[in-house]
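Asks: Chain order of the listed sequences is A and B.
The working numbering applies: residue 254 is where the first sequence begins, and numbers increase by one.
The working numbering applies: residue 254 is where the second sequence begins, and numbers increase by one.
It is possible that part of the hints are untrue.
Identical chains share a label here; the pair holds if one copy fits it or two copies do between them.
[What the hints assert, rightly or not] List of simulated lysine to any residue pairs, SDA-like, C-alpha gap at most 25 angstroms:
{"id": "1", "residue 1": "Lys653", "residue 2": "Tyr688"}
{"id": "2", "residue 1": "Lys653", "residue 2": "Leu800"}
{"id": "3", "residue 1": "Lys653", "residue 2": "Leu516"}
{"id": "4", "residue 1": "Lys793", "residue 2": "Asp593"}
{"id": "5", "residue 1": "Lys410", "residue 2": "Val481"}
{"id": "6", "residue 1": "Lys410", "residue 2": "Ile438"}
Calculated from the structure, these hints are not laboratory results.
Number of protein chains: 2
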Amino acid sequence: MTTNWRRWLPSLPLLRWGHQYNRDTLLGDGVAALIVTIMLIPQSLAYAMLAGLPPEVGLYASVAPLLLYALLGTSRVLAVGPVAVVSLMTAAAIGQHAMAGTPEYWAVAITLAFLSGAMLLLMGLLRLGFLANFLSHPVISGFISASGLLIAASQLKTLMGVKAEGHNFLDLARSLWSQAGQTHILTLAMGGLTVAFLFWVRSGLKPLLVRIGLQARTADVIAKTGPVAAIAITAVLTWALHWEAQGVKIVGTVPQGLPPFTLPLFDMALWQSLLVPALLISVVGFVESVSVGQTLAAKRRQRIEPDQELVALGASNLGAAFTGGFPVTGGFARSVVNFDAGAQTPAAGVFTAIGILLASLFLTPALYHLPQATLAATIVVAVLSLVDFSIFRKTWAWSKPDFTAVLATLLATLLQGVEVGLVVGVAVSLALHLYRTSRPHIAEVGLVPGTEHFRNVLRHPVLVSPQVLSLRVDESLYFANSRALEDRVNDAVATHPALRHVVLQCSAINDIDASALESLEAINHRLRDAGLQLHLSEVKGPVMDRLRRTHLLQDLGGQVFLTHFQAIQELAREVSDA
Amino acid sequence: MTTNWRRWLPSLPLLRWGHQYNRDTLLGDGVAALIVTIMLIPQSLAYAMLAGLPPEVGLYASVAPLLLYALLGTSRVLAVGPVAVVSLMTAAAIGQHAMAGTPEYWAVAITLAFLSGAMLLLMGLLRLGFLANFLSHPVISGFISASGLLIAASQLKTLMGVKAEGHNFLDLARSLWSQAGQTHILTLAMGGLTVAFLFWVRSGLKPLLVRIGLQARTADVIAKTGPVAAIAITAVLTWALHWEAQGVKIVGTVPQGLPPFTLPLFDMALWQSLLVPALLISVVGFVESVSVGQTLAAKRRQRIEPDQELVALGASNLGAAFTGGFPVTGGFARSVVNFDAGAQTPAAGVFTAIGILLASLFLTPALYHLPQATLAATIVVAVLSLVDFSIFRKTWAWSKPDFTAVLATLLATLLQGVEVGLVVGVAVSLALHLYRTSRPHIAEVGLVPGTEHFRNVLRHPVLVSPQVLSLRVDESLYFANSRALEDRVNDAVATHPALRHVVLQCSAINDIDASALESLEAINHRLRDAGLQLHLSEVKGPVMDRLRRTHLLQDLGGQVFLTHFQAIQELAREVSDA
Numbered sequence: 254m255t256t257n258w259r260r261w262l263p264s265l266p267l268l269r270w271g272h273q274y275n276r277d278t279l280l281g282d283g284v285a286a287l288i289v290t291i292m293l294i295p296q297s298l299a300y301a302m303l304a305g306l307p308p309e310v311g312l313y314a315s316v317a318p319l320l321l322y323a324l325l326g327t328s329r330v331l332a333v334g335p336v337a338v339v340s341l342m343t344a345a346a347i348g349q350h351a352m353a354g355t356p357e358y359w360a361v362a363i364t365l366a367f368l369s370g371a372m373l374l375l376m377g378l379l380r381l382g383f384l385a386n387f388l389s390h391p392v393i394s395g396f397i398s399a400s401g402l403l404i405a406a407s408q409l410k411t412l413m414g415v416k417a418e419g420h421n422f423l424d425l426a427r428s429l430w431s432q433a434g435q436t437h438i439l440t441l442a443m444g445g446l447t448v449a450f451l452f453w454v455r456s457g458l459k460p461l462l463v464r465i466g467l468q469a470r471t472a473d474v475i476a477k478t479g480p481v482a483a484i485a486i487t488a489v490l491t492w493a494l495h496w497e498a499q500g501v502k503i504v505g506t507v508p509q510g511l512p513p514f515t516l517p518l519f520d521m522a523l524w525q526s527l528l529v530p531a532l533l534i535s536v537v538g539f540v541e542s543v544s545v546g547q548t549l550a551a552k553r554r555q556r557i558e559p560d561q562e563l564v565a566l567g568a569s570n571l572g573a574a575f576t577g578g579f580p581v582t583g584g585f586a587r588s589v590v591n592f593d594a595g596a597q598t599p600a601a602g603v604f605t606a607i608g609i610l611l612a613s614l615f616l617t618p619a620l621y622h623l624p625q626a627t628l629a630a631t632i633v634v635a636v637l638s639l640v641d642f643s644i645f646r647k648t649w650a651w652s653k654p655d656f657t658a659v660l661a662t663l664l665a666t667l668l669q670g671v672e673v674g675l676v677v678g679v680a681v682s683l684a685l686h687l688y689r690t691s692r693p694h695i696a697e698v699g700l701v702p703g704t705e706h707f708r709n710v711l712r713h714p715v716l717v718s719p720q721v722l723s724l725r726v727d728e729s730l731y732f733a734n735s736r737a738l739e740d741r742v743n744d745a746v747a748t749h750p751a752l753r754h755v756v757l758q759c760s761a762i763n764d765i766d767a768s769a770l771e772s773l774e775a776i777n778h779r780l781r782d783a784g785l786q787l788h789l790s791e792v793k794g795p796v797m798d799r800l801r802r803t804h805l806l807q808d809l810g811g812q813v814f815l816t817h818f819q820a821i822q823e824l825a826r827e828v829s830d831a
Numbered sequence: 254m255t256t257n258w259r260r261w262l263p264s265l266p267l268l269r270w271g272h273q274y275n276r277d278t279l280l281g282d283g284v285a286a287l288i289v290t291i292m293l294i295p296q297s298l299a300y301a302m303l304a305g306l307p308p309e310v311g312l313y314a315s316v317a318p319l320l321l322y323a324l325l326g327t328s329r330v331l332a333v334g335p336v337a338v339v340s341l342m343t344a345a346a347i348g349q350h351a352m353a354g355t356p357e358y359w360a361v362a363i364t365l366a367f368l369s370g371a372m373l374l375l376m377g378l379l380r381l382g383f384l385a386n387f388l389s390h391p392v393i394s395g396f397i398s399a400s401g402l403l404i405a406a407s408q409l410k411t412l413m414g415v416k417a418e419g420h421n422f423l424d425l426a427r428s429l430w431s432q433a434g435q436t437h438i439l440t441l442a443m444g445g446l447t448v449a450f451l452f453w454v455r456s457g458l459k460p461l462l463v464r465i466g467l468q469a470r471t472a473d474v475i476a477k478t479g480p481v482a483a484i485a486i487t488a489v490l491t492w493a494l495h496w497e498a499q500g501v502k503i504v505g506t507v508p509q510g511l512p513p514f515t516l517p518l519f520d521m522a523l524w525q526s527l528l529v530p531a532l533l534i535s536v537v538g539f540v541e542s543v544s545v546g547q548t549l550a551a552k553r554r555q556r557i558e559p560d561q562e563l564v565a566l567g568a569s570n571l572g573a574a575f576t577g578g579f580p581v582t583g584g585f586a587r588s589v590v591n592f593d594a595g596a597q598t599p600a601a602g603v604f605t606a607i608g609i610l611l612a613s614l615f616l617t618p619a620l621y622h623l624p625q626a627t628l629a630a631t632i633v634v635a636v637l638s639l640v641d642f643s644i645f646r647k648t649w650a651w652s653k654p655d656f657t658a659v660l661a662t663l664l665a666t667l668l669q670g671v672e673v674g675l676v677v678g679v680a681v682s683l684a685l686h687l688y689r690t691s692r693p694h695i696a697e698v699g700l701v702p703g704t705e706h707f708r709n710v711l712r713h714p715v716l717v718s719p720q721v722l723s724l725r726v727d728e729s730l731y732f733a734n735s736r737a738l739e740d741r742v743n744d745a746v747a748t749h750p751a752l753r754h755v756v757l758q759c760s761a762i763n764d765i766d767a768s769a770l771e772s773l774e775a776i777n778h779r780l781r782d783a784g785l786q787l788h789l790s791e792v793k794g795p796v797m798d799r800l801r802r803t804h805l806l807q808d809l810g811g812q813v814f815l816t817h818f819q820a821i822q823e824l825a826r827e828v829s830d831a
């Protein structure tokens with residue numbers, strides 16, 4: 254296993270593991286698939302509901318995508334299907350075009366999956382995977398936490414048995430507040446108890462099972478079946494005690510059968526208005542999926558290829574679109590379960606897909622009496638684990654710009670919804686990054702006595718000459734910071750009346766763009782007009798190669814020195830001769 | 254003069270030169286003011302016409318702004334007033350709200366000057382001058398060249414004596430083409446001759462004057478009076494030969510008198526739709542003005558303060574708004590003339606303002622017979638000097654991303670107008686910059702035999718160990734490039750089966766943001782999961798100080814070495830012991 258990467262072929266990841274398949278891998282994959290199927294059934298139903306779609310759509314969205322990812326994906330263990338944040342984004346995107354529960358709403362969801370799949374595929378073919386890098390970790394953290402809070406808030410209405418609307422926190426809160434009088438007590442009691450039960454299963458059951466002698470891994474797997482237990486218990490109770498007649502809303506008839514063949518709507522106006530949501534859903538889904546995949550692959554010294562992942566996720570979403578599904582991506586919890594349960598190859602995904610298919614063929618009648626509040630409870634418990642405010646403490650300690658970006662993302666997402674939140678997060682983090690690099694660290698340096706080293710005059714006792722100024726720029730020069738260098742040199746010239754020479758130590762300059770080149774030319778001309786010489790020292794090879802193609806070196810008032818020490822020695826001699 | 258910067262006071266630049274005023278400075282300022290006034294009269298009339306405003310508005314916009322800049326500006330020689338590019342942007346912005354020639358149009362122009370002034374003032378008070386840095390030199394070049402072409406094209410209709418509309422090249426061309434049949438031959442002939450005359454004055458007259466014995470500077474000054482001569486000659490011809498009766502359009506009655514007191518429209522909907530144009534006009538005006546000011550200040554070893562310039566330009570535009578003007582900024586040609594003619598202090602600006610004021614009081618009746626085509630000719634000749642395609646050759650040779658940014662700016666400006674062009678230019682240059690830094694140069698390095706230096710294994714014959722990998726990252730680590738480092742390390746681990754240690758040489762890393770810190774933690778964990786150790790070497794002091802506040806150093810599989818050589822020595826010993 255440790256060297257099978259050598260045999261990886263470029264195109265179809267299936268070829269990399271298919272020919273090694275044996276009984277061991279089959280066993281591992283089969284057990285993992287069984288556990289993931291049990292976990293996925295309630296999740297698929299619940300996330301479809303979160304997206305405003307009928308529950309069976311969640312099952313449909315878990316079949317074709319899993320199969321296509323198994324064929325094309327580079328992660329061995331990633332489980333693809335409906336996930337919480339993408340479902341929320343789907344609801345926000347479709348809500349502007351159709352009423353939840355209508356056939357039009359479902360058709361728009363299918364179209365959104367189609368557009369998102371096409372975009373992912375295109376990004377993969379154009380090798381645009383790097384675009385996801387512009388979502389910084391703090392922005393993702395803030396966004397996921399805020400989405401978790403939004404999702405939990407959106408499920409309160411189902412837990413309370415009332416109707417409420419809104420795609421941001423304030424609208425939701427206002428709507429819930431006005432409906433609070435109509436709360437259905439039985440629904441709330443059952444939902445509340447289910448939430449408490451699920452939290453206990455997460456935090457209390459596993460230690461208990463370990464104490465009574467089970468292995469940690471087995472205990473973990475049993476704890477994952479909590480939602481299934483909750484579904485079975487509440488469905489049976491609702492049936493036995495006739496809770497439906499008392500006003501508890503149930504899932505009702507879920508059609509039995511294979512996922513249907515569906516087509517997206519070919520409506521250009523709709524496509525145009527779904528473009529931005531589809532792009533955001535694609536990027537968020539890709540980032541979530543790749544980070545899960547990378548983390549798990551690294552544990553077995555495997556690797557995933559981001560551009561191929563784009564292709565695989567694109568195909569998965571296209572698959573969802575043509576089989577009655579909605580936008581999907583790789584889920585965190587289910588992939589970890591798949592990995593821990595011993596999945597060895599993507600065949601585990603194929604088996605899981607077969608499991609879900611069987612459920613959609615035979616299991617759906619059993620869901621008739623399932624209370625909607627139970628699904629809401631499973632969502633609330635799942636998403637509250639996404640909420641993690643430690644990022645605030647961490648970024649506050651580490652970097653204030655990152656802290657600002659998290660805060661902006663969180664507030665914008667809560668107050669304006671997922672799409673605005675994400676855009677604000679990216680914009681703020683880029684703006685702060687550019688702001689920082691637009692103010693480069695430029696140190697006046699002097700000679701450390703007895704050495705050939707130069708250090709910042711503000712931090713070290715160093716030797717300087719009133720006629721020679723040494724500046725070290727700790728950043729590549731580009732348009733946003735080149736004027737800062739001009740300003741710094743202008744200031745220095747205005748405040749050092751005896752100055753004759755300015756030497757730029759270029760050791761930290763990896764690149765000089767056209768604006769910075771013009772700035773250097775301007776600095777050179779201005780210094781010459783004022784009777785001063787500009788020199789460069791320690792210019793990197795590639796930068797020097799390119800400078801030779803310009804007029805700067807010919808026009809340069811001074812010289813280019815190999816080391817800064819040479820420059821200062823020679824200029825000191827010249828100054829003392831004059 | 255060389256040390257008077259010491260006495261600069263923070264607030265009112267007037268205080269810095271006022272008390273040194275004497276007969277010499279008075280003479281220099283007076284002569285310069287006279288020449289600039291003669292140059293400014295035709296320019297002011299022409300640029301008002303370019304902006305779609307009555308000619309006298311150009312004179313109004315050249316009085317109060319000059320006075321306020323003299324009081325508040327930090328450049329000694331900058332001449333503020335209507336300029337070509339800003340006038341074009343003004344026309345594009347107002348064209349969406351009112352018909353040129355109507356009182357509403359003028360009122361919107363006044364409102365635009367007010368908003369632009371308020372923004373500049375606010376940016377100055379908030380010290381946001383650095384924002385202008387995000388307009389890269391190539392983008393400015395492309396934008397100015399495209400604007401020059403657009404302006405020249407927009408003046409063709411006046412030279413042809415037809416009506417045409419459009420704020421982009423295609424619309425203008427289409428409109429002119431459809432009107433070509435109605436061309437007024439006499440207007441075209443006169444306009445064409447005026448253009449030819451003005452080009453000859455620029456390029457032929459000055460050498461001629463120098464040959465007949467005049468000093469270069471005097472010849473230059475005489476050449477600058479070309480437009481005034483053209484105005485006088487064509488006005489007299491039109492009057493004497495009754496060209497107006499033959500269909501040549503004349504300027505007509507220009508009201509005599511002081512600039513009026515005016516107020517902006519207080520209409521929130523209008524303000525909202527003018528916000529973006531006002532911001533773009535402010536930024537373009539500021540960038541143009543500051544670069545002129547800086548170039549001229551440096552020649553006398555003076556300096557200008559960008560944030561104070563924002564305040565001064567803001568006040569100038571507010572002044573324009575309250576005295577019937579339109580958006581203004583510091584002009585290149587007139588400031589250079591002012592400087593060359595010997596202006597010593599901002600008092601030259603005050604004298605120029607008085608000159609323009611006298612013109613608006615007494616000279617306007619003489620403009621009655623002036624053909625509009627003459628003003629169009631002066632505009633065409635002035636703006637064609639802005640068009641400079643050498644930027645394409647330069648950026649092609651120096652940097653392809655810069656070339657792409659220029660091309661995008663030029664095309665977007667020509668095809669979609671000034672506002673779209675500017676936004677596209679900034680967006681493209683930022684995107685290309687971020688793209689470059691998101692793919693940092695990461696070199697695998699090895700020991701240069703017989704030294705303690707490490708160099709790129711691809712460029713130099715160096716020593717490496719199969720158990721120890723040395724990577725040098727030539728960029729600060731931030732969210733957009735941290736994943737690239739993860740990928741690189743993942744790749745290396747997957748392709749070096751014998752690997753035991755990974756050492757990151759951090760000598761070129763000036764900053765690590767929260768995303769990059771998480772990436773380093775992820776790399777560390779993944780390496781540990783795979784049985785490898787991560788080490789760091791040559792971490793800069795400030796970065797190390799901040800790393801100490803995190804868990805990374807405690808969790809680090811390996812160690813932090815002072816130099817990379819130490820790291821390799823120690824790890825080599827460890828590997829051979831094992």
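Asks: Are there hints from earlier that the structure breaks, and if so, what are their numbers?
Replies: 3, 4
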